[in-house]
Amino acid sequence: MIEALKIEPTHKTPKVYFDPANNHFELSGRSIPEDSVGFYKKILDWVEDYGKTPNTKTEFKFELEYFNTSSSKNILELLKKLEKIHLQGQSAVQITWYYDEDDEDMEETGEDYKALLQVPLELIMKVY
Amino acid sequence: MNAIESIEAETLDMQEEQRSLYFTYPTYKDMFDNNIIFAYRGVVTSDLVTNVLEIMEERLEEDGQSKKLSKKVFNVMVECLTNVYVDEERLGDEGYDPQALLLVKRVNNSYRVVTGSLIATRNVDPIKRVIDKINNMEKEELKSFYQETLILEEPANGVTKLGIIDLARKSRNKLVYNFKYESQRFTFFTLESQISKNSI
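Going down the list, the sequences are from chains A and B.
Take 2 as the starting number for the first sequence in my numbering and just add one per residue.
Take 2 as the starting number for the second sequence in my numbering and just add one per residue.
The hints are simulated quantities; they were obtained by calculation from the structure and are not laboratory data.
Predicted model only: the values in this text are computed from it and were never measured.
Cβ coordinates follow ideal geometry from the N, Cα and C atoms, glycine included.
What follows is a set of in silico ranges between Cβ atoms, one per label pair, in the way DEER data are often shown: (1) B/Asp64 <-> A/Asn23: 38 to 46 Å; (2) A/Met126 <-> B/Glu139: 20 to 28 Å; (3) B/Gln16 <-> A/Ile8: 53 to 61 Å.
A few chain A residues facing chain B, derived, Cβ under 8 Å: (4) Thr70; (5) Lys74; (6) Asn75.
Stretches of chain A that chain B covers, calculated by requiring three or more beta carbons in the stretch to come under 8 Å of a beta carbon on chain B: (7) 32-40; (8) 111-122.
Bound conformation, chain B alone:
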């Protein structure tokens, strides 16, 4: 590489750095505007859950939240993260992305736990049907549905019917979801559980 080429390469590197810094502020602003108090992107394991709970414990303490609300947020987070645990048996599968997204937002008197992950596109309709069904259930109906599913559903990895019912029951609020189609095989699934002070 001659001197001119070397300067050109350095200039390109600087431009690349500038570009990455350029995106930092919008990311920060977006997190600030949406009251995101915790964000994580990556592979979710049970070791991570422990670390996340420790961080959240401090955050909730700083917020002066009651033990009852904190416990509720933790219980919901544990289940949310279970839904996006890495499926080690599928790690070798073509197109399987074990990385997931976790966001915790604080909005007025509530905390919202959001997970995002790729799921098989063929599972979109069954998941949608379950969420729509439980979003229309009263507390006692949800309890019966949970007990029935606890007995009937086989243990499985990933998003399960039991896991979704459990989230609706624990959060005491309707679940909010979104599906973003990526390909015939995979769809990005976002699920939001809301825990509000008023409902505990």
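Isolated chain A, as found in the complex:
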């Protein structure tokens, strides 16, 4: 099994917690780095490797506070990789997209991804 990928969050980059042993996959917080391509490269490479020997089920959680459009391109790439794993039948992928009840933009972005991808994606509103 591939080793976990854990990156601590900063005020400009998200928490990355990809732990196949515990079936915990999470991307959360802020994603507004200047160089989003550089930041996401490691993440995308990891998911590519994970796709070679994935768990039978992969539950992936997105819980973002803010992100900019250069990050949204990379998040799409990440979702596409998960879609590929799912469509090839290697793992039943389930994505959960959380958004704050006051954040209609985050909800819309989740809807955009859902419309563009053929992978189960559930939108869940967080109520305070």
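Fit chain B to the supplied structure of chain A, relying on the hints for placement.
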């Protein structure tokens, strides 16, 4: 330096100080008259975005704004600032000025986020075409255009088509822009996004 020269030099220094103070009031008055509640000029990095959001959070709280409106203003600001992020790869380029301007105005029931920065003059027409195109789109058309661009556009620094569409979508208002030609290489680009209480 003799005594007379020294007095003359001191007088010149004082005149210089007077002159700088002379410009303070018009700047203040201009900001007051235009309801500018936040202004920044300098290099924009993601660290700055965090600080700006913290300040704006307090301002919006003072204004008694709803969480929904505040969130909207933040989301628009994040994207506006991304559009004027410093391009570190270009820092050594001759004539490249990484400094940008950010203004936040409060006008009646709306907030306006304005950015100003130097862009390559050759990019003026493509940017203008995109803004004119999206300013004529309805909500659903804008959504399709966003999704299409999200798939097709390569990630890039600076002003991107996706970034501009995103601003129009999030602000739910038409974008206002202006180009001030500086040279064959650079043009000052101003972009204003408006978030109004009525449109959220």
